[in-house]
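Which chain is which? The protein sequence lines are F and X, in order.
Once you know that position 231 of the first sequence is 241 in the working numbering, the rest is easy, because the numbers rise by one and skip nothing.
Once you know that position 235 of the second sequence is 440 in the working numbering, the rest is easy, because the numbers rise by one and skip nothing.
Please keep in mind that the hints were generated in silico from the structure rather than gathered at the bench.
We put the CB at the ideal spot given by N, CA and C, even for glycine.
Hints may be right or wrong, so weigh each one.
To be verified - A few chain F residues that face chain X, going by a derived Cβ cut-off under 8 angstroms, partial list only:
#, residue
1, Tyr-87
2, Val-207
3, Thr-210
4, Lys-217
5, Ser-218
6, Asn-261
7, Asn-262
8, Arg-289
9, Gln-294
10, Lys-295
11, Ala-297
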Amino acid sequence: MHTPNKNLTSIVEISSKPNEGFSVQKNDSSKSRREFLAISASSALGASALSFPLIGGAEAPPVKIGVLHPVTGANAYSGQQCRMGAEMAIEDINKRGGIKSLGGAKIEALLGDAQSNPQAGSAEVEKMNEAGVSAIVGAFASAICLATTQTAAKYNLPHVVDVGVADQIVERGLKNTFRFGPGYKKCAQIAVANLHVLNTAAGKPAKSVMIIHEESLFGTGTANLLSSELPGYGYDIKEVIKHANPTRDFNNIVLRMKQVNPDIVIPANYYNEYALLVRTMQQQKVAPKAIYSVLGGAASSYKFLKEFPEAANGIIDCNHWFNPKDKRSLELKKRVEAKGAFFSYEVFMTYTAMHVLADAIERAKSTDRAAIIDALSKSTFSDHIMPYGPTQFVNGQNMGAQPLMTQVVKGDIKVIIPRDFREVEPIFPLKA
Amino acid sequence: MFDSTIFLASLLNGITMGAVYALIALGLTLVYGVLHIINFAHGACLMIALYGVYALWAILGIDPYAALPVMVLMMFALGYLLQRYIINRAGHSKDERVLLLTLGLSIVFENLALIWFHSDTRTVETAYSLQTLSIGPVMLSLPKFYAFWGALGVSALMLSIMRWTDLGRAIRAVAKERTGAKLMGIDVEQVYALSFGIGLACLGAAACFLLPAYYVNPTVGNGFIFVSFTIVVLGGMGSFLGALLGGILIGVVESLGGLYLGESLGQVGIFIIFIFFLIFRPQGMFGGKP
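Build the full structure now, drawing on both the sequences and the hints.
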C-alpha cells in the first residue's frame, strides 16, 4: 500500500550528525567560519584517511556521499525512487569491494530531504557539507538542482546531478557540477525532430499542437524550448497552458483542449499531474492523434502503465531510458521489482549517477573534493546501462547523453527510436 | 470565445465543486457563529477527515461513500472532545488565545499526518473514479455528481437540524445571546462542544464526497482554508444559507476563472470578490449589520 519511505528517520539521522568544528563557530565571523568549516571538514576526512594506515583487515574509513532528494512534498514519489536507485548503487559498489584505490573503502550514504523545494535542498547541502561529505548525488527536480549545485559550489563540493534536466544547471560555469544525463534542450530537439519524422512518414496528419506544462523550471523551460522549435517544422502551436503542482482538477484544461482540438498534445509535467491529465482526457473523451510527451512524468512509467493501462496505451515519450539491449538493465529492473517498486527512470538515473561518481573517486584515489572534481571532469565512464555515446564532460555536461523515444504498446513500454535500440515499430497517428 | 457546451461543462464543474466548498464552509461558519472561534484548524481537520476516509479505504477496503456514517461520527467525536477538553480549557474564552490555539493545533495535526502518512499525495481509486455522466452534451465526472448531491443533502440536513430541533434552537440561542441562553437553563458548555462537533462532522461528510475526485496529503487543507474563509465572509459570518450560496458562487467563479484566465490565474476571481465584499458589503450577503 505505502511506498517505502524513510524520510523522517533520515532527517533525524542527518541533523543529529555531529558537526565538525561546531563549537568553534561562535566566535568566528561567518565568512571565515565557512572557510574554516570547509577546510576542517575536508581535512578532517583527508587526515583520517591518511592517519589510519590499513593494516591487515582493518577497515578503511568510509567515503561519505550525500544522497539528496525531495523525498517529501510534491516530488516525493520521484525523490524516493531516486533514493532507492542511489541506495542500490551503493549496495552494489560496496558489495564489489568498495573503492579499491582507497583500500576498499565503503561508500556511506548521508540521506537528505529537499522537501520538494529549493531552499530546503540548499539547507541540506549546508548540513552535508558540515558533516564532511566528499560529494553529493541528487537532487531530481531542476529547480532544486539549480539551488543545491550552487550551494555545493561554495564549498567546492562535487555534485553529480542525477536527473535535473534544465540546462541552466550546467550553464553557469560551476566547476563542481556534473550531469550524466541529457538536458531538456537536447530532449526537446530530439523529440521535435522525431515527431517530424513520424508525422512525415504517416503523410503529415498532424498540424496543430497544444502544450501543457507544470509551472516550475522543468516544465516552463521545456515548454519554451518546444514553442521555439515546433514552428520551424511547420507545426501550429494552438495553446500553451501552465498549471500548478499539485493540480487535482484538469477539467478546465481538458475543456480548453476540447475547444482547441489539437492534433497533438504535449504534456511536460511530473507524475501525479501527468497521470491525472491523461485520465481526465480519457474521461472527457478527448483523443488527439498522439499524446507526445517530452520528459513526461508518467508517460514511460511502469507505475502509470500498471495503474491505468487504458489511459497509457499508445503514449509516446522522449525521456531518459535504459539500454533495453543491455542484460544488466533487465537484471536491475528485476531487482527493483522484487522490492515491490517500479523501475522508473528516477531509479536508473540515480543508480548510474552514483556509479559515475564512484568511478571518479576510484580514479582520484582520494576523498579530496578537488581531486574528485578533477577525476569527474576527465571521466570516460562506460560501465553503465544507459544508451549513451562515449562519456565526455564539457562544462559539466556529458556530451554522450541522449534520451530514447518510447511508446506504450500492448501493455508494455517499448523503445521506438532510434533504430539501434528499437524494440517495436512506432504507431503514429493513434487513430485514423 | 468558448463553445456553449464547454462553458456549460465548466459551469457544472464549478457548481459541483462549489457544493463541496459550501459544506466545508458550513462547518466553519457554524463554529464561528456560535463559539465566535475563527477556527484556523478547519483545514487541518479536513485533512484528518480525508486521511480517515483514505485509511478506511486502504486498510479495510471501505468505499468512501460507505464510510460516511463512520466518518461523520468520528469527526463529531473529535470535534466534541477537542472543544471540550482542549480549546475550552486552554482558550479561557479569550478570542486571541483561541485563535493562536487553533493555529497551533493545525500545525500539530499537519505534522502528525507527516509522521504517520508521510508527505506523499494519496488518492483513492474506485470503479467509478473515472466514470462520467452525460448531461446533454456535457460530460460530468460521476464522483463530482455524487459529491454535489451529497453535499446538498448534508447541508439540507444541517439546516433542518438548526431550524427545527431543540438542539438547533439551543445552538441558535447560544449564538445570539450566551448569557440569556444560560439563564434559560441551556448547558452552554455542552452546546459549544456539540457545535464544534457538528462543525467537524460536516468535514467528515465533505471528505467522503471529496476524496474520490480529489487527493490527500498533509497540507491539503491549506487550499481549502482560504476558500472557506472567503465563503464565510461572502455569505455573512455565521449565516448558513450564505455559506451554501457563497460556496456555489465561489466554485463557479473559480471554474470559469480557470477556463478564461488559465489554470494558474483561476483563483484570482475569488479574491477579487473577497476584496469587493470587504469594501462594499462587509457583513456579507446574508449577515446582519456589522
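Can you give the numbers of the hints that this structure goes against, from lowest to highest? Going through the list in order, the structure violates hints 2, 3, 4, 5, 11 and respects the others.
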